[in-house]
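Enquirer: Residue strings, one per chain:
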Amino acid sequence: MAEKPERLVVDVQVPLDYTYNYRIGSFLERYIKGLGDKKILGVKCPACGKVAVPPRSFCGACNKPMDEWVEVGPEGTVENFTIGHVKLDRGAVEKLDDPQLLAMVKLEGATVPLLAEVKGLAAADLKKGLRVKAVFKDPAEDSLADLSHFEPVG
Amino acid sequence: MLRKVAIVGQAQINAADVGKSRERMLFDLVREFYKEMGITRHDIDTFVLCSNDFSAGHTISNVFEDCPVGAYMKDETKVEADGVMAVTYATARLMSGLYDTALVVGNSQGGSVMRPYLMMDYTMNPTYDRQLGLLNELSAAALQARAYMEAFGMTDEQLAKVVVRNLRNAAKNPFAFNGKADASLDDVLASEFLYEPLRQAHCYPFTDGACVLLMASEEKAKELTDKPVWVKGIGDSLDTYYPERSVSRCKSVKLAGERAYKMAGISDPANDLDLVEVTAKFAHQEPIICEGLGLFAEGSGGDVADRGLSELDGAMPVCPSGGALGAYAFSSGGMVRLAECYRQLTGTAGDTQVADAKTALAHGQDGLCLQHNAVMVVSTEEG
Chain A
5 MAEKPERLVV DVQVPLDYTY NYRIGSFLER YIKGLGDKKI LGVKCPACGK VAVPPRSFCG
65 ACNKPMDEWV EVGPEGTVEN FTIGHVKLDR GAVEKLDDPQ LLAMVKLEGA TVPLLAEVKG
125 LAAADLKKGL RVKAVFKDPA EDSLADLSHF EPVG
Chain B
67 MLRKVAIVGQ AQINAADVGK SRERMLFDLV REFYKEMGIT RHDIDTFVLC SNDFSAGHTI
127 SNVFEDCPVG AYMKDETKVE ADGVMAVTYA TARLMSGLYD TALVVGNSQG GSVMRPYLMM
187 DYTMNPTYDR QLGLLNELSA AALQARAYME AFGMTDEQLA KVVVRNLRNA AKNPFAFNGK
247 ADASLDDVLA SEFLYEPLRQ AHCYPFTDGA CVLLMASEEK AKELTDKPVW VKGIGDSLDT
307 YYPERSVSRC KSVKLAGERA YKMAGISDPA NDLDLVEVTA KFAHQEPIIC EGLGLFAEGS
367 GGDVADRGLS ELDGAMPVCP SGGALGAYAF SSGGMVRLAE CYRQLTGTAG DTQVADAKTA
427 LAHGQDGLCL QHNAVMVVST EEG
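Protein sequence lines, in the order shown, are assigned to chains A and B. If you read the first sequence in the working numbering, its first letter stands for residue 5, the second for the next number, and so on. If you read the second sequence in the working numbering, its first letter stands for residue 67, the second for the next number, and so on.
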């Protein structure tokens, strides 16, 4: 008599799929509106002088509200960077055909760097200290993506 | 006067795929542990579980953990953070005098059930970082790696030495699964870049795992074992999420260490500690953590790697177990570091044993780029 095949132990797929309806709040809303006017807005902490961009309504370190609005950029300096050869899709690592250049950009007038994509240069040319400027989406779409990316100055 | 507390037993399991449900994994591990310790679930006064709703895929992740670990109708609570923070909570409960024994159980199944990188994605600011999709656990780790390497001149080769040491140590540790006895610099340097300078070989392996620690008050500890490992110092510190903090140095690990040292009466950690088990989820985090803890000079990661100072027989053995590169399950990850300190201090660490180990430090972390750090100093000396 033929042996019975071993019984399969089955994995079940259980999606967790729910759309949360977050409020972005008045600070991010004003930031996004600013991007539509090709302006990058930050806020300054009255205690430590930190200028945060994107703007946040309070300073964690000082435990104080931040409500002094300042325009920063649109130029800045690359403080740190990474060249991405993969992307994550819902936690899965997928290879990229073309590398993605990411930089921590310290904008003129800001003290907190902003993580952004840099385009218009070879990966080997992305360096600490590189001067970059913001490129805005035109026409604006009223979203964070209106600050599209940065490119080298000049 | 708060009471003395000791760790009196440990059990752990780590695998790429444990091949059973979380419930069964916990039931098997804890049942066997009770048998080994010669106790039953009725000897446990309070259960402190450590797991995560998102990684479990349902809210109140401990809802199906209570019965497998023996907490049916018992006093039970959960910590949703790194395991060292759960042990801290259990220690405080025992110190208070309300309980004499605590069983701490951490677990997650990031190897077979869910992707740990997704879990970290979902810790991020939903209205900004998740909208843009640029920041993830790997890109953040890469930025931290470059910040440290640029600030202090650590090379890719020197960083590879950190990986090699951990993988070789892990190969000697029966509780790690990602070890490689003949790991070489060439292996690491041939490993693919994910986000430069972060290579695949620098990253923790996806792990199904659970860890159990039995803790007890002084009197009870002495009843339960001849070799209690005393909790001497506890420290915890949480930095901001936002990128205004330096990531090449870690202020919160420094503060957590200082708090633990003060409580333990340690003034010179590099001399007073016999070994440390730190949770470096990525290789470059090891020097950042060790330097924050005052074990090596700031920025000396490359030099420490070249001189082998953190080897098993080095001046300050770091992660004799192979650390998080040998296995790292979310929630139980930091507890495993403590369990390894317990094995060392009870002289049961086998091929990874550090000679004459009396005092050790375990470190756990949570968040991106070492945002939240917890430190515990443990010792064979009751003091």
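Hints in this document: simulated from the structure, not taken from any laboratory. The structure displayed is predicted, hence computed values, not measured ones. Idealized CB from N, CA, C, for every residue including glycine. One should not assume that every hint holds.
To be verified - Just some of the chain B residues that point at chain A, by a computed CB distance under 8 Å: (1) Asp119; (2) Tyr138; (3) Arg181; (4) Thr189; (5) Pro192; (6) Leu201; (7) Ala213; (8) Ser250; (9) Ala256; (10) Tyr261; (11) Glu262; (12) Lys293; (13) Tyr308; (14) Pro309; (15) Glu310.
Enquirer: Does each hint fit the structure? Answer for all of them.
Expert: Results of checking the hints against the structure:
1. Asp119: The hint is violated - aspartate 119 (chain B) has no Cβ within 8 Å of chain A, the shortest such distance being about 10 Å.
2. Tyr138: 26 Å, violated
3. Arg181: With a closest approach of 3 Å, the arginine 181 (chain B) hint holds.
4. Thr189: 12 Å, violated
5. Pro192: Cβ of proline 192 (chain B) sits 5 Å from chain A, so the hint holds.
6. Leu201: With a minimum Cβ separation of about 6 Å from chain A (threshold 8 Å), the hint on leucine 201 (chain B) holds.
7. Ala213: Given a least distance of 5 Å, the restraint on alanine 213 (chain B) holds.
8. Ser250: Violated, because the Cβ-Cβ distance from serine 250 (chain B) to chain A comes to roughly 23 Å (cut-off 8 Å).
9. Ala256: It is violated, given that the least Cβ distance between alanine 256 (chain B) and chain A is near 14 Å, above 8 Å.
10. Tyr261: Holds, because the Cβ-Cβ distance from tyrosine 261 (chain B) to chain A comes to roughly 4 Å (cut-off 8 Å).
11. Glu262: 4 Å, holds
12. Lys293: 40 Å, violated
13. Tyr308: Holds, about 7 Å.
14. Pro309: 6 Å, holds
15. Glu310: 4 Å, holds
Checked against the numbered hints above, the structure violates hints 1, 2, 4, 8, 9, 12; every other hint is satisfied.
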